[in-house]
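With the sequences and hints as input, model every part of the structure.
Residue numbers (our numbering), protein chains in the order written: chain A, -8 to 490; chain B, 75 to 195.
Hints should not be assumed to be uniformly reliable.
Said to hold, decoys possible - Per the computed footprint, the stretches of chain A lying under chain B, defined by three or more beta-carbons under 8 Å from a beta-carbon of chain B, are:
1) 316 to 328
2) 331 to 337
3) 387 to 397
4) 400 to 409
To be verified - A short, non-exhaustive set of chain A residues, derived as facing chain B with CB atoms under 10 Å:
5) 108
6) 145
7) 267
8) 269
9) 412
Said to hold, decoys possible - Estimated spans, in silico, between C-beta atoms of each pair:
10) 77(B) / 340(A): 49 to 57 Å
11) 122(B) / 356(A): 50 to 58 Å
12) 81(B) / 273(A): 48 to 56 Å
13) 170(B) / 273(A): 25 to 33 Å
14) 144(B) / 273(A): 35 to 43 Å
15) 416(A) / 149(B): 31 to 39 Å
16) 420(A) / 140(B): 30 to 38 Å
17) 364(A) / 140(B): 53 to 61 Å
18) 273(A) / 77(B): 51 to 59 Å
19) 136(A) / 88(B): 38 to 46 Å
20) 119(B) / 284(A): 51 to 59 Å
21) 157(B) / 436(A): 50 to 58 Å
Just so you know, the hints here were simulated from the structure itself, not pulled from any lab data. The model shown is predicted, which means the values in this text are computed figures rather than measured ones. Idealized CB from N, CA, C, for every residue including glycine.
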Amino acid sequence: MSAFIDARSVPEGTLLRPDLAIVGGGPAGISLALALANTPLHIVLLESGGMNFDAKTQALYGGSVVAAPFPTLDASRLRFLGGSTNHWGGWCRPLDEIDFEERSWLPHSGWPFRRKAIEHYFARAQSLCEAGPWLYDEAGKALLSVGPVLALGQGGVVTRWFQFSKTRDGVLPTHFGERYADDLKRVRNLSTYLHANVTRLGLDASARTIDELDVATLSGRKFKVKPKIAVLAMGAIETARLMLASNNVMASGVGNANDLVGRYFADHPIPRDTATLVLFDGKLAPFYQNNTGLRGAIVRAGMFPSENYRRSNAVMDSSVTIEDKAALDDLGHAAVAATAAALAVDSGNATAFSLGCGMEVAPDPDRRFTLEQERDVLGMPKLKLHMRIAESDFVNFRATLKELGRQLLAARIGMLRLNLKERGQWLEGLDWGNHHMGTARMHDDPKQGVVDANLQVHGLANLFVAGSAVFPTYGAANPTVNLLALTLRLADHLKAVLR
Amino acid sequence: MKELLTRRNIVIGAGSAVVLTAAAYEGVHLLRKRYAPSPYDDLLARLDNRDADTQIGEAVLADVDDFEAKLVAAQLRARLERESLTQATLHDVRDGHMLEAGGWVLPETLALLCALAAKAQ
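Structure representation (structure tokens):
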């Protein structure tokens, strides 16, 4: 077992020559390193932070946001080993088949492979998340004794299931840095450097190969890494920043010949108080509101548009969870009583609940990061996020909620109020999932994607990107288990490449 | 001991009960809120709570630009001659004929009846 290396103690001017350099010690970087354990490869993992939060390191994330509301760039992620799993909620759900498909009604959609290309890796990804056995949409049948799934009847919205990361001592969820630190230390072919900030990707003269990485610490120490292959696993924001800022050979940056790096940024909007759901009999199975244990897993029901509905109605993905009980105003009481009477059902025990929601947004090349003139203490240009959210994204999601309302009526079990309509209402109090995606999107065509199906940066022989930065579209599923499956697939590819 | 269940007493008791029942019925009728007659009263009779339904109807009308009450009433009459309000409601939701009232997703027939209640004010 070898200790992590504090980059601040590395002699100035040191040159490391690993087979593989992994830049970033978040879930993707850690999982990639573990997946390549005990191979003949000499691997270096470079993590900017240490084992815990440090304000000066976190400040390296500073940047600006313009246009639509979005959290400040240093607030929505964490810069120490484990990355943003240090504050994630542990929600897991795989993307659907449709998420991989090119859809004529959704510009820029289509992954370069189908879901089955990563299905093989889901079990291991699930295990890394410590999310228990792979149950997901099988959970409903197994939980019949706890309570019934809402009988929504035929329609576009169906009950589907989240699973949750869990870790020792019942603490939710798995913080990858803390959880896998000892595993990383046990990997004999891995050297993990903490406090090691990669500040430049050095292209060779041909601009076709990454020749070296510049590494700097906040204490002023500098050294270089010359890997055979480098993988950027820094999250969608920092990956774009490093590629754009490494512009001393190519003015547009690394891998950015087609001006795609930093574009198509996405997150999952979480509008607050989106809708109110009323159940006429007031009966709701507990797994809709609370995490529920099942066969060693933790599950919770949500409501999603079915894949068929999404295809036939040209709607993007979304998720709805049932949250706290809600009060009705006079109009609400009137609407419930009149509707129940018209349906000839009793509403004497009617109960209202607020809904939690997550939305998919359409890919947008103009939702992007650019470099600012201002630099951080390491000399890296700061980022500016041009945040946008299309009106059609809200309209699209509202249509799905309305379909849920229709289904509740058709099943004569309840009804729905759509609480938001105008754009200003949606934006007011809008929260985000902190699921950063899309800035190094994947596509077979270099003019449409930064990386190819193997996550290799187009036009560069030895640079890859791991993480949700490569997602071309985003679904409404929480990205972690999906990005891990992609990363594990990359590990297999790298094993073959470096054999 | 004097006989209570005489024919005379039974007749008086029964008559009194009829009078009291009629008085109670009339009293409730008199106490019920009265609405000005409207051209849609035959339709509005299908609603349970006129004030509440009027409130819903006002919310429906806020989202509808060109509500032609007479035309809507004629269409509703034709429909509700063929089927009950419950049947019409279920057919609405089956066919996706929905309207909103202050965000509440309502079956179209119910929403339009409520809108007529608001128009009848």
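Now the hints, each set against the structure:
no., hint, verdict
1, 316 to 328, "holds (count 7)"
2, 331 to 337, "holds (count 4)"
3, 387 to 397, "holds (count 3)"
4, 400 to 409, "holds (count 7)"
5, 108, "37 Å, violated"
6, 145, "9 Å, holds"
7, 267, "8 Å, holds"
8, 269, "9 Å, holds"
9, 412, "7 Å, holds"
10, 77(B) / 340(A): 49 to 57 Å, "52 Å, holds"
11, 122(B) / 356(A): 50 to 58 Å, "54 Å, holds"
12, 81(B) / 273(A): 48 to 56 Å, "55 Å, holds"
13, 170(B) / 273(A): 25 to 33 Å, "27 Å, holds"
14, 144(B) / 273(A): 35 to 43 Å, "40 Å, holds"
15, 416(A) / 149(B): 31 to 39 Å, "32 Å, holds"
16, 420(A) / 140(B): 30 to 38 Å, "34 Å, holds"
17, 364(A) / 140(B): 53 to 61 Å, "55 Å, holds"
18, 273(A) / 77(B): 51 to 59 Å, "56 Å, holds"
19, 136(A) / 88(B): 38 to 46 Å, "58 Å, violated"
20, 119(B) / 284(A): 51 to 59 Å, "53 Å, holds"
21, 157(B) / 436(A): 50 to 58 Å, "56 Å, holds"
Against the hints set out earlier in the document, violations occur for numbers 5, 19.
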